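Between the sequences and the hints, there should be enough to build the whole structure, so can you do that?
If you read the sequences in order, they're chains A and B. Each residue of the first sequence is one higher than the last, beginning at 1 in full-length UniProt numbering. Each residue of the second sequence is one higher than the last, beginning at 1 in full-length UniProt numbering.
In short, the hints are calculated from the structure, not lab data. None of the values given here were measured: they were computed from a predicted structure. Ideal placement from N, C-alpha and C gives every residue a C-beta, glycine not left out. You may find that some hints are simply not true.
[What the hints assert, rightly or not] What the simulated footprint calls covered on chain A by chain B, stretch by stretch (three residues with Cβ under 8 Å from a Cβ of chain B suffice, anywhere in the stretch; the number is not a length):
1. 6-13
2. 23-33
3. 36-43
4. 66-72
[Stated by the list, open to error] Label-pair distances were calculated between CB atoms; the ranges are:
5. 620/B / 91/A: 28 to 36 Å
6. 418/B / 89/A: 30 to 38 Å
7. 91/A / 224/B: 50 to 58 Å
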Amino acid sequence: MIVCVAVVGHQNNPLYIQSFTEADDALKLHHIVHCSLDVVDERVNNPKKSGPLLNETFLGLLYPIENFKVYGYLTNTKVKFILVTTDLDVKDADVRNFFRRFHAAYVDAVSNPFHVPGKKITSRTFAERVSTIVKSFGLTSAV
Amino acid sequence: MQNTLLNQTKESLQLSPKFEVSACGVGEFSVGHNNSNNRTMKGNNGYLVTMGAPSPRSRPACTCSNRPGSVRCARHGYVVPSERMKKRVASKEILRRALTPPPPRRCEKRSEEIRFFMNDSDTTQLATTYDKLTCVGFISSIVVSMRNNTSLARKEERHIHMGGANITSSLLVFVFVVVNAAVSMANFLAQFQSIKSTSDRLVISVEDVSDLWPAVKPAFEARLPFKQGSLNNKTRNPVLVEKLPAEFILTTDSRLRSRFPQEQLLFWFREPYATIVLVTCEDLDEFKTILKPRLKLIVQNDEREWFIVFVSRAHPANDKASAMAKKVYAKLEVEFNTKKRERCCKYDIHLPESNFWEDLESKIMECIRNTLDKRVQFYEEEIRKLSEQRLMPVWNFCNFFILKESLAFMFEMAHLHDDALREYDELELCYIETVNNTGKQRDFGGADHGDDQAALLNPGNKALTQIVQDDSFREFEFRQYLFACQSKLLFKLNRLFEVASRGYSFIISFSKSLALHERILPFCMRETWVVTACLALIDAILSNYNDGLMAPDIEKRFFHLLGDLYSLARVKFMRLAYLIGYGTEIERSPVNSAALSLLSWPKPAVWPSVPADASAEVLEKEKVILQTTSRTKPFGIQRKPLPLEPTVLLREANRRRASLSAGNAFETFDGRQGITEGSGFDASTRMSPSQKVPPSSIPRTNSSPGNFDGSIDRPMRLAEIFVAAEHALKKTISSQELLKSLSSSEEFEQKYLELTKGAADNYHRSLWKRHGVVLDGEIAAVSFKHGHFDQAAKSYEKVCALYSGEGWQDLLAEVLPNLAECQKILNDQAGYLLSCVRLLSLDEGLFLNEERQAFQSELVRLAHSELKDPVPLDVSSLITFSGNPGPPLELCDRDPGTLSVTVWSGFPDDITLDSINLTLVPTSSVDEGAKALQSSTPNVLHPGRNTITLDLPPQKPGSYVLGVLTGQIGQLRFRSHSFSKIGPADTDDFMSYEKPAKPILKVLRPRALVDLDAAVSSPLLTNERQWIGILVRPINYSLKGAVLYIDTGPGLEIDDSHVIEMETYAGVSENDDNKVQKDGAQIDSLNYEKKVERLTLHNGKIEFPNWASDTPSIIWVLVRAMSDMLSRGSSSVTTRRESIVDAMRTIALNLEFGVYHNQIFERTLAVHFTYPFYVTTRVTDKCNDGTLLLQVILHSEVKATLTIYDAWLDLQHGFIHNGQTEGRPSSSLFPLVISPTSKAGILFSICLGKTNGEEDRKQQESILNIKYGISGDRTIGAHPPVMDESTKVDGARQELIFKNAITLQRPVLDPCLAVGFLPLPSDGLRVGQLVKMQWRVERLKDLDEKEVPEQNDEVLYEVKANSGNWMIAGRKRGHVSLSPKQGARIIISVLCMPLVAGYVRPPHLGLPDVDEANVSCKPAGPHLVCVLPPALSSSFCIPVNS
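The structure is reproduced here in structure tokens:
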């Protein structure tokens, strides 16, 4: 289950963070997302170790934590997408697919002329779209 | 299952006692030695294996005690000669026979045939017969399929060819058939382990043929370990090995002798890698007869790598002996060296050759290398074969393991750690695959006491035999064992980073495995294991760590792995602590919540229940629970604490209890109490115990221990859960240290701090600042709890800086109140204030309004009361400001203004500011220190948007942006740096600075704002009161309230008694045109309504009326140009001499305008004044009677019509009017109207005359008086002068007098006498020729008596001539008589003779007595006459002949 998705701006400032847990404990997910930026930073700064392709946007698994997994994705504008999931056996392809769709949604959201770049994304449409994507996560692979 | 092996060889049966070894108590085995030629093996499944032996003939075994004797050596196949024999006493023939080697075998070229007979009856028989016999060995080359009998029956006979197998014969001597997977080489495991522990270096055997070893041993062993050698790794690439340890062992040593052949193969790695044959010989004969055959015998054993060291004992001084030694050595070389390889070297005991040791070492190395290669190849081959069978059911992991590990161990001994590591890696992979693939339920392991302590670094933790189960190893122990071996190698390779990274992932994956088997493991085994594993790994790594050995980027990752390890241990440790009730000690921070609430509870099959005698502990715990009050947050912040548990522990524990069926009783209880929401811990602590117990259960009385017996039926209470968990953990945990750490909350805290610090430090070193700083925050929480506020504040500050720097407000809101609290306690007022401000500036949704109000009141209270000194504070995030949207305010240079600025207040309530100042920053120049603008509006900021206005003093030209907003609240001096922004105040606006600052103010460069000019350009009348028009033309600038100072220059005075008129300027300007177009006709007409206003002059200034502020207007000022000079006429023949300067007057104007009269415009106007006429005179006619007609021409000088009413002339001395006109022209002439710029003339008839009046004499000039009137317009030029109100008569003709001075001159020429030069003779003058010059003097008129001297009739004359030119003959001077009457004439003749030729001036007749003015000469001026050269004359002739 995806518990949290986040968009983090290029100055590492949170642009959008949405948790999908029932309990009122989003703060811990904030913490996880925030800390994962350390890993993102490291990968971005050491591109030779981050992957074979320089322009690879998908950063892969950031955290080999026991209980949850954090995946990262970096756009060309250095905006980061972070995904926290409690599924322990996640296929990379699923995550890639998720991020691709998420990226598309993000691009649409920031293309809104009333959106101020670098500001938090407040679009309700975006939120709805994200929750749709989150709900369909993992299902696409079954099809 | 029993395994038997039948080895049917004669020799083996004969010699079996020698070879029998009890193997691990499992059974006995009997093996044949390598000379057996026919082997038949039979397993219990009925496989009879016969094997064609490679050797055609059997060799008898021999003993090898290295003593002389007659028994043949089992190893060497020969009898060791006795000392006596060595001394060549024995018969050579005997020796020859004894030492004859068997014919060499060519096993490679033969194929071996293995035949299986599958016969069930045989199996039974053999099984009973060889019940106890177990034969273990390699069956690697045999592919067996024996799943069931039906399939086996079909495969009655099977031939397996091993053609081409490159295995030396001896390797195949023993064939082991593992008939069933259940029996394996597991029996050898113990032996294997002991071998591994004892042999740790390569063995080099020394064949001491000539008893030389004691003599050379010290020198040989001194070379150990070998400094450097080249070995081949598994991929046959040379690898340099340094410090290779090795051991020399005599072949006769019991360690080598006692081994059994099958062991040799199994544990081949410990067999000698090289054989040094030490020989000496001093006699050629002896060499030939004894030594050579013996050596041949020794070295014929092909699989050994050998070489011969010939030791020369000859003393160098003994030439003969050395020579002999050399000879023998030469023979030896010939005999044993081949082209490919030198196998001999010579060692001089007394004087070793310089390169001997290098030679020796290289030879040893070569041998080792070859042996190693061979063995590696063998092992690989075996492994490969085993690998091929991996999917067979019969496949046995133990065999594979022993082979693989043997190989690995061999690599390790050879210091080829990399290869060893690779073997272990492959082994691990293979193992994991085995574990995963076989569907069989295996014993996981880990059930022993002490298993909770991770043994991942201790390969010898448990004997391998203990962990073997069936055909494989128990996962729990074996994976740790493998990792231990790997890490050992990695430590040897000094690859700490790899240890850390592998270790971390191993722990993670192992923890997952533990989770899978959690039901069978002890309670919380998994957590305990992870904690101990992490700590052990960290310890091991840190003890091996040397600073500066790793590359920086690797080191970074190394440290973050260490940090991960610490943090993992920390999490698991916290989980354990929580389970036994230290949950209250754990800070409910995001980091802890993230770690713990996502970590599932332990899932034991049955949750531990409270031991019977633990009621006291339960009570104790209960008390603790009740006493714990959840920490109140500063500022009374109400916030739901973050969970530390994935689900409510109470529920989880009860659900897992055996006595309760899952979720029945407790579910109801749960639903009723509603514990599920939020933190179970807190929820349950808040409830009273009686509430927790469902009504159906037995009511609990605190003191009765009997209740605990009944507790099996009712849900456990939290305290009970804690106690139960504690007891269970005590059973699980074997590590005393961990137990101690969990024994009390103080111990827990100490360990917790240690782990947290470890993690934080390592994260910091790895530059994972977020991880590190957040953990610092956890340390701070503990410090805070213990009152170390200083440390806590420092750490909290770091955390806050981290969060606020990147805008993670939600997280910041969690920490910031704590920081504020610390600062409050520390009395760090500035910090506390700043924290309050930051709290206020956080997102509004993060705190309740009351909380925010609390922040504000705290801030205000502090600012107004407690602070002694002013505290500067940056409130950029709280109070933001911007200019108003739209274009910037534009001001003209030097204009002040008011600036309106929007200020957003982030305070929840109104806040009163003592002052607000704002600086403007010029965008262009940087040097300008911006001055603060003071707010003019009351300084109460409402929440949200406010508008304040600021007075703006004049600024320099340029554009300005808002600078800093400063202000004061009590003693608090705040400043805000936020830049302009449009739109509502986004709370995270202060994050983004990317927006360029918008100019708020533009001060234009200086330009003309107004223009003052004279309205009239044509001259005005001098000495009359004239209107001067000053045209005021504002240039896009309002002249509201403008004041004009007028200062007249010299010669001009303002008539200040009179009003000043101001009227709109009707002249069409461009602006007006625009207005017409813009506003339409109506406005147009309004605009053109002419306004006239009368103003007065006060102290030389005029105040402008309002209507004149925007439209051009004219100010009419009455002035009078003073000139006391009379206008002067001039003669018409002379040109008029213009004197502009005289006629100019200046008016200095000073216009003060602008809102604060700050704008000043200065201009000096030049106004042209003039007299109405310019007069020229001309004498038009001069009558004979002396009457002169004087024409006076009047030029009109002004643009106005002048009317002359009268004109008269006051004549000067010497002139008189002619006739009776009194100097006036005839009256019919007047009035004479003169149009502008036209002329008029008046004739006066005057004559020279004398007046007697005394004053007339003084009068040097004639005065022309003209009485005139003027009709003109002031807008054009001269106009009728303004009369005083008193004197002015309406309609009366205004007559002005114009006076002009005219200078009359008497006629200049008044000749009485005329002197005429009579013409000269026509033939011209010649030099030397007398000529008569004649002048005629004629009296032109009668002389005045006065002027005529006494001699009336005589005129004095004088001839003047240049004596150089003329010679005068006659009187030059004299009187001639001339009648005084008019017309009398006389001719004066003088003889002259020119002396020079050319044009010369003739002599001149002058009349000295008569004024030159009265003499008229003709010609009037000097003239020249032409004098010819003298005529030819004889007197001048010069005789030709002379």
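Hints broken by the structure, by number, lowest first? 5
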